[in-house]
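Participant: Listed below are the residues making up each chain.
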Amino acid sequence: MPAPLNAATVGPAPRARGWRTGGWVLIALLPLFLCAAYLVPFLGVANWSITLPEPGLGQYARVATDPGVHSVIWRTLRICALVTLLAVILAYLLTYVWIHGNRPMRILAEICIIVPFWISVLSRAFGWLVVLYNRGILNTWAQDLGILSEPLTLVRNDVGVVIGMVHFLVPFAVFPIASVMRGLDTRVLMAARGMGAGRLRTFWEVFVPMTMPGIFGSAVIVFVFSLGFFVTPALLGGGRSIMIAEYVYVQIFQASNWGLAAALSVTMIVIVSLLLLALMRLTRVEKLVR
Amino acid sequence: MHDDTSGGSDARARGMMAEATPFLRASGIEKHYGQTRALDGISLDIANGEFLTLLGPSGSGKTTFLMILSGFVSASAGSLHELGTDITRRPPEARDYGMVFQGYALFPHMSVEDNVAFPLRVRGMERGTRRTLVHDMLARVGLAAHARKKVSQLSGGQQQRVALARALVFRPRVLLLDEPLSALDKNLREQMQAELRSLQRDSDTTFVFVTHDQAEALHLSNRIAIFDQGRLQQVGSPEDVYERPENRFVAEFLGQINLFPVSGLRAEAGRMTGAFEGTALVAPERALAPGAAHLAVRPENLRITAARPEGAVNALQASVEEAVYGGARINLVLRTASGTPVLCDLPAGSDAGLVTPGSPVWLSWEPEKCLLLPQDA
Amino acid sequence: MGTYRPGPVAILLAVLAGLFLLAPMLAVIPMSFTPFRYLKMPEGELSLRHYRTIWENADWHASIWLSVRVGLVASSIATFLATAFSLGMWYVQPRLKALLIGFVMLPMIVPPVVSAVILYFFMSWLAKAAPAIGYDTFWGVVISHVVMVVPFAVVVVMVALSQIDRRIEMAARGMGASIWQASAWVILPNIGFGLVAAWVMAFVLSWEEIAVTLFITSINAITLPRRIWMGLRDNVDPAVAAISVILIVITLAVVLGRILWRETRK
Ligand SMILES: Nc1ncnc2c1ncn2[C@@H]1O[C@H](COP(=O)(O)OP(=O)(O)O)[C@@H](O)[C@H]1O
Ligand SMILES: [Mg+2]
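Keeping their order, the protein sequence lines are chains L, Y and R.
Each residue of the first sequence is one higher than the last, beginning at 0 in numbering that gives the first Met the number 0.
Each residue of the second sequence is one higher than the last, beginning at 0 in numbering that gives the first Met the number 0.
Each residue of the third sequence is one higher than the last, beginning at 0 in numbering that gives the first Met the number 0.
If you are wondering where the hints come from, they were derived from the structure by calculation, not from laboratory data.
Because the structure is a prediction, the values reported are computed rather than measured.
Worth double-checking, as some hints may not be accurate.
[As the list claims (entries may be wrong)] Computed footprint of chain Y on chain R; a stretch qualifies when at least three of its residues, placed anywhere within it, have a C-beta under 8 Å from a C-beta of chain Y:
no. : region
1   : 165-174
2   : 184-196
[What the hints assert, rightly or not] Residues of chain Y clear of chain R, computed beta-carbon distances all greater than 10 Å:
no. : residue
3   : Gly40
4   : Gly127
5   : Ala182
6   : Asp203
7   : Ser318
8   : Glu321
Positions of the beta carbon are idealized from the N, C-alpha and C atoms, including for glycine.
One chain only, chain L, in its complex shape:
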């Protein structure tokens, strides 16, 4: 027979206390590290923006008035808007097939989305260079087939930048749309079809409106991402089509104008914060992430 239960007493655990303290120690490490390596340096950058080359708000005045800076900002906004539009449309199509297609379609769509997502931005920009430059695949084919007599200039201008950025951003645009499409009740769609609405009509009048939050979230995310974009524009714009991020790089490493670079950085943070605040106001971010 097993021993009686009340034989030995064990007593309370010796080291048990201190969950709260321990928990805060665990929490604190990362914010402390980021304070030292990110927040304080950011304050340093903000300080640069009002002290270099001389104290004052001169650099912000330049951001606000200099036509050179303005043309860069306008080009950035224009390109980003176009990129956002194209990336969201492509992402929407792919997601539609990825979520609602049959199994082979789903797998193919997944490969098209996931593989580029994991491939380095450099390899992808380089790939577009190979496709688009004057003696690249596209121009060679078009000339061989007699469609073009002269090569089209597709890189070292806005066209190349837009193509490269759209390509980079489509996978990011997919995720918010996918999370909304997954949550859709497809019985509504079947019901619409059942009530005699055609395929196209069901798509435009039922499906698209129901996925609007995903489209919207995706657009904001892509736009915010594209604003600070550096590598793709630098490689495919070839120094001609300069966007704000490359402009900042040039200010630091070629013009040695740290003050302007810092002022532009602070301005970008402010713009992005405003955009994200608008996003949070208009949709629940958690829904887009899940």
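Knowing the structure of chain L, use the given hints to seat chains Y and R with the ligands on it.
Facilitator: The following block gives chains Y and R with the ligands in isolation, referenced to the frame of chain L:
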């Protein structure tokens, strides 16, 4: 704010504890979640070594109260004392109470014996002693042969036993159990009820057991505390709460009961008489607000006869509407002359002629077998 | 009633979109076999000379090796910090939860070029205060990469934690475990997969990081992406095509392997 009934039950609970410092004393515990009052002024003493059941419908605050006892949830107001020491703010890891969670919360990556050894391991007990205690405990719950299995390889009932073994192996002074049996099927549940009782007896540990199943509560407990809407409705022995419910909620929650609205109550010689549908009915005297009340009789306390029994104090004429054969018992639905439905529960083999639908009968019961309940607000 | 399926027009358009996404990756494959020393499509004869360059050239080796080392160290530190943070948040559930999470997510939300300027500032300062871990050093790159990848690791670990039953933490705690015992013996073993995922994610992001690396390195700490960048900036070096093909093939193998594994298990 205390209403009459919960104030009364407090007094009763304290009376039972006499003057000695209670083992555990909860005073005026409240818990608010925004607008919801999950607990609304719970005062309750728990004696050392007793089997106390918290019983109530879903959402009545049982889990919240148990969580406050365990320290995982902090009360919005009120205090908790253990042998006179204030432990309201003591964190759960320092309370040294065992806990069995709904769904068991076994560690899925550990074997059965590692699960049971866990509380000993965190106390730094050396391996040899640990093994002995773990194996004794596993033997006690009948799992000696399964010590090395992964918990996912066990059945629900076996997982339940592992959870019990794990919660008892470090000899906690209190074991808190939150609906531990609700996931088991009926046979297994009855078997586990018996085991819980014997574990509790053998271990001398105070058990605080949460359930929404009144039969389970009646079988297991020394005392039952009945919760509804965050308030303590009544505390007492199973017999107390079943035979002498203090209000309509307790009466109805603990099983079927017939309620006859009576009016014009008069007290005389330790009894009270009131009128139900023109018939005078008699019950033991009870302090009640003046006016109407309910006279309550459990179905098993009713007798059925063809003629009015000689000398019966309480008797009503009725007709059988439906008879349901249930093995050991027969359940009848009757109607009084004016259409009030009455439930009656008879031993099988009662007079066959009387329990056929349509037959006119007399219902009667002893005044001692019924009681008066206050009319609801 | 069947299920809701895309029509032929949608499928056709999606196929075009898919081709668009795959095109640049397919294009580098022939280019990597070009016999020319500059960016020109092979005409007839193919050559492995650019693969040989990658295989033999000490500069490429040094960069690959540096990226591997940076990736290993940075992802390990990032996973450690992210795990500590997420676990702590999970245990304590502080009132400032949203604010704290928002703060550690900043490097992911802030435009990369701004992060690059911030880290450039930090590294320039360190170059004076502690030159061994500042601008253009191994440790400088590691610190910067940790900053950049740690938010992603936090997301992965938090998702992993959200999957586990809170009651096992309560059970451990109620039985008298210290926070360290509960973490090491109960919680971490149950999120092992999430930790590995966070580490892999952090490694891949560090391995590919270029925007910040460009700002904080110059001639000493040349990571693989930086060397590719150098090969693309002036005269485009077809060796970049070779290394890209190698990276693409590895990625493709991993992604296809995962899809295959998942599909066959169903
Ligand atoms: N964490 C919480 N947040 C908000 N409301 C809660 C929470 N926990 C419990 N409640 C509410 O408190 C009341 C009592 O809940 P509970 O103690 O779980 O009841 P029981 O265990 O008796 O079913 C319910 O109305 C429930 O909705
Ligand atoms: Mg409950």
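Participant: Beyond 10 Å from chain R, beta-carbon-wise, is serine 318/Y?
Facilitator: holds, 53 Å
Participant: With a Cβ-Cβ cutoff of 8 Å, does the region 165-174 of chain R contain at least three residues near chain Y?
Facilitator: holds (count 8)
Participant: For aspartate 203/Y, which was marked as not at the interface, is the minimum beta-carbon distance to chain R over 10 Å?
Facilitator: Its Cβ never comes within 10 Å of chain R, the nearest being 19 Å, so this holds.
Participant: Would the least Cβ to Cβ distance between alanine 182/Y and chain R come out above 10 Å?
Facilitator: The claim holds: alanine 182/Y sits with its nearest Cβ about 14 Å from chain R, beyond 10 Å.
Participant: Does glycine 40/Y sit more than 10 Å from chain R, CB to CB?
Facilitator: holds, 26 Å
Participant: The output says glycine 127/Y does not contact chain R. Does that hold with a beta carbon cutoff of 10 Å?
Facilitator: holds, 20 Å
Participant: For the region 184-196 of chain R, does the count of residues with a C-beta closer than 8 Å to a C-beta of chain Y reach 3?
Facilitator: holds (count 4)
Participant: Just want to verify: glutamate 321/Y was marked as not at the interface with chain R; is every Cβ pair farther apart than 10 Å?
Facilitator: holds, 44 Å
Of the numbered hints listed earlier, not one is contradicted by the structure.
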